[in-house]
Amino acid sequence: MDNVIETRGVYRHFGEEQARVVALDEVSITIERGEFTAIIGPSGSGKTTLLHIIGGLDNPDRGDVLLSGTNIADMSGNALSDFRRDHIGFIFQAYNLIPVLSAEENIEYIMLLQGRPAVERRERVQQMLSMVGLEGLGSRRPGELSGGQQQRVAVARAMASGPDIILADEPTANLDSRTGIALLDVMRALNEEQNMTFVFSTHDQKIMDRARRLIVLEDGRVVDDQRR
Amino acid sequence: MLSVTLAYRNILRHRRRTFLTALSMTGGFVLCTFSFSMLEGSWGGAVDIFTLDHTGHVQVHFGDYHRRPKVHKAIDDIEAVEDALKAHRKVEAFAPRVFAPALAYAGEKTAPVSVIGINAEREASTSRILQKVQEGEYFDASPDLDGYFGAMVGVSVARSLNIGVGDEIVLISQGADGSIANDIFVVRATIGSRTSHDRYAVYLPLSVAQSFLTMGTRVHEYALIVSSPRNNEAIAREINAAVQAVNPELTALPWQVLEETFYTTMKADKQSNHFMMVIIVFLVFIGVLNTVLMSILERTREFGVIRALGSRPIQIIKLVFLETMIMATLSIAAGLVLLVPILYWLVGYGFALPETIEVGGVEFGQMKGIVIPSVIIAPALLIYGFAALVSIPPGIRAASITPRSALSSH
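Chains as they are written, first to last, in our numbering: chain A, 1 to 228; chain B, 229 to 638.
None of these hints come from the bench; they were simulated from the model.
For glycine and all other residues, C-beta sits at the position ideal for the given N, C-alpha and C.
Take the hints with a grain of salt, since some may be wrong.
Stated by the list, open to error - Footprint (simulated), chain B over chain A, 3 or more residues, beta carbon under 8 Å: (1) 21–30; (2) 94–102; (3) 192–206.
Stated by the list, open to error - Partial selection, computed: residues in chain B whose CB lies under 7 Å from chain A: (4) L230; (5) V232; (6) R237; (7) N238; (8) V533; (9) A536; (10) G538; (11) S539; (12) R540; (13) P631; (14) R632.
Whenever a hint applies, use it, and build me the whole structure from the sequences.
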């Protein structure tokens, strides 16, 4: 068994005293390499907090977060930045592409951070664009692309660094359902062809239907975990 | 290259704001360069006036003559010293001089004077003495038909003794051997003005002065003009080594040491002007800092995303630094374009002074700039320095944005 993610007793709260909100309460999950997992639950159930903690964007108050065997729960500073850069790909709800860079350059940027040579970067950019079906659109800036195309660029960007896992926080929330499903199909194809591990949050039933595993959160606790 | 592209495109996001910010930087750079050119030009002009009036760029003396002048402290090895000076490729001209205090008589009147023996030909190529002749003609070393040698007197001497061209003047002094020196000379010219340093001087041909002061062929001073006046201190050190090879007791000193008070005053004036320029640029950059900070705040979410992707804080600081430096580079480039006609005018024509400045009987009516590498490089470095400085606080602010907080903000 090859675990990419393992959380053990992860606890996270926000605010103090009367305003104290427990976002995650002793969450322990394991995700294996090549899984295509949706984290679902109502608003405020802790989906985004869990993705942030798994992605090293936030630290838990207690508990362990093992990513490819490395505990990132207590990691900080440059070590955590480097770990995110090399091991985790992110897809955000609002795409969050750099608006002044073209699609190609957005994808290339993360590889620049990794210090890869320019020739290698450019080759990989073309591969990534081809993988997400955006050949010929690489020179366009985000403002010149549709929402679905922008999110595909975000997928390509997430894939470009060669991560162990791609985390996507509500990746289809800003897309119409047809485009959203099409994006999920791209992600699923990458999952199948590249054996890339995807974990995404959603509360869209059509999107959930495409997941192979559903982890259900409620009030910060895992209340259900189904494999299909 | 992608980092530069990103930084460049970032500064073009708000073109109008970037234009206005760059304009203020350009203004600072142009103002700074203009002032610097003007300052260096007038400083150079003043130094020129001063050094070509009498000091030269470098002087050679025997021992401590420059501090405690005595008639007997003279340079003996004339030929060897002159050979050394001629051999030095950075020495363009040199003039030997002798000095002695004397009492001058004319009719019933007397005046204390300073006798200066000069080689007429060499002095003319070393100082502005030819231009300082007010009346009469520049002398030579030959006696008149009656056997009297010529003298050129400072205007205050002429006035005190009530003499003019063609009149006789009697000088009494002490020779280098302790004997009484006295002789009659005929005034060939009046020299300088009432404000010039040599208003109480009586110039004699060198050989005549040497004979008058029983000095043989010895001299008290060599005034030198060097090929690069701005580097005269370094050249003085080279010449010092050359003349000390002839006689270890000889010293070659730059005018900055010989006229320390003048030099210190000019330097203080220059420093206060530099300080003012720094203040101007500082004020310009307060505005720049505000703009850069504003652009950081507007991009909080974007910096959060970049951090989330794995950027280290230092890479964010570098990005902000790069943006500010690109803006500074563009501003300097624009400034250089604007400066071409401005400096052309300043160097070629300059400002006409409301009143002419008279130094030693030579009048100066224009204040001109100068273009030397430091005139451009120093303001450019100042702009870059401040740009680097003001990029640090916004850079740190951007680097301290946490991905979680940035991604939560809408």
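Hint check:
1. Using a Cβ-Cβ cut-off of 8 Å, 0 residues of the stretch 21–30 of chain A lie near chain B, which falls short of the minimum of three, so the contact claim is violated.
2. Here's how the stretch 94–102 of chain A fares: 5 of its residues keep a CB closer than 8 Å to some CB of chain B, so the rule of at least three is met and the hint holds.
3. Proximity of the stretch 192–206 of chain A to chain B, defined as three or more residues with a beta carbon under 8 Å from a beta carbon of that chain, is not established by the 0 residues found.
4. For L230 of chain B, the shortest C-beta to C-beta distance to chain A is roughly 5 Å, which falls under 7 Å, so the interface hint holds.
5. The interface hint given for V232 of chain B is violated, since its Cβ lies 11 Å from the closest Cβ of chain A, which is over the 7 Å cut-off.
6. Below 7 Å, beta-carbon pairs count as interface contacts, and R237 of chain B has one with chain A at about 4 Å; its hint therefore holds.
7. Evaluation of the N238 of chain B hint against chain A yields a held restraint, the C-beta minimum of about 6 Å falling below 7 Å.
8. Because the closest C-beta pair between V533 of chain B and chain A is about 4 Å apart, less than 7 Å, the hint holds.
9. With 7 Å as the threshold, the beta carbon of A536 of chain B comes within range of chain A, its nearest partner Cβ sitting at about 6 Å, so the hint holds.
10. Interface restraint check: G538 of chain B against chain A, minimum CB-CB distance 2 Å, threshold 7 Å, status holds.
11. Given hint, S539 of chain B at the interface with chain A, holds; its Cβ is 6 Å from that chain's nearest Cβ, closer than 7 Å.
12. Because the smallest distance between the Cβ of R540 of chain B and any Cβ of chain A comes to about 5 Å, under 7 Å, the interface hint for this residue holds.
13. Interface hint at P631 of chain B: satisfied, since its Cβ lies 5 Å from the closest Cβ of chain A, which is below the 7 Å cut-off.
14. A least Cβ separation of about 5 Å between R632 of chain B and chain A falls short of the 7 Å threshold, and the interface hint therefore holds.
Hints 1, 3, 5 from the list above are not met by this structure, while the remaining hints are.
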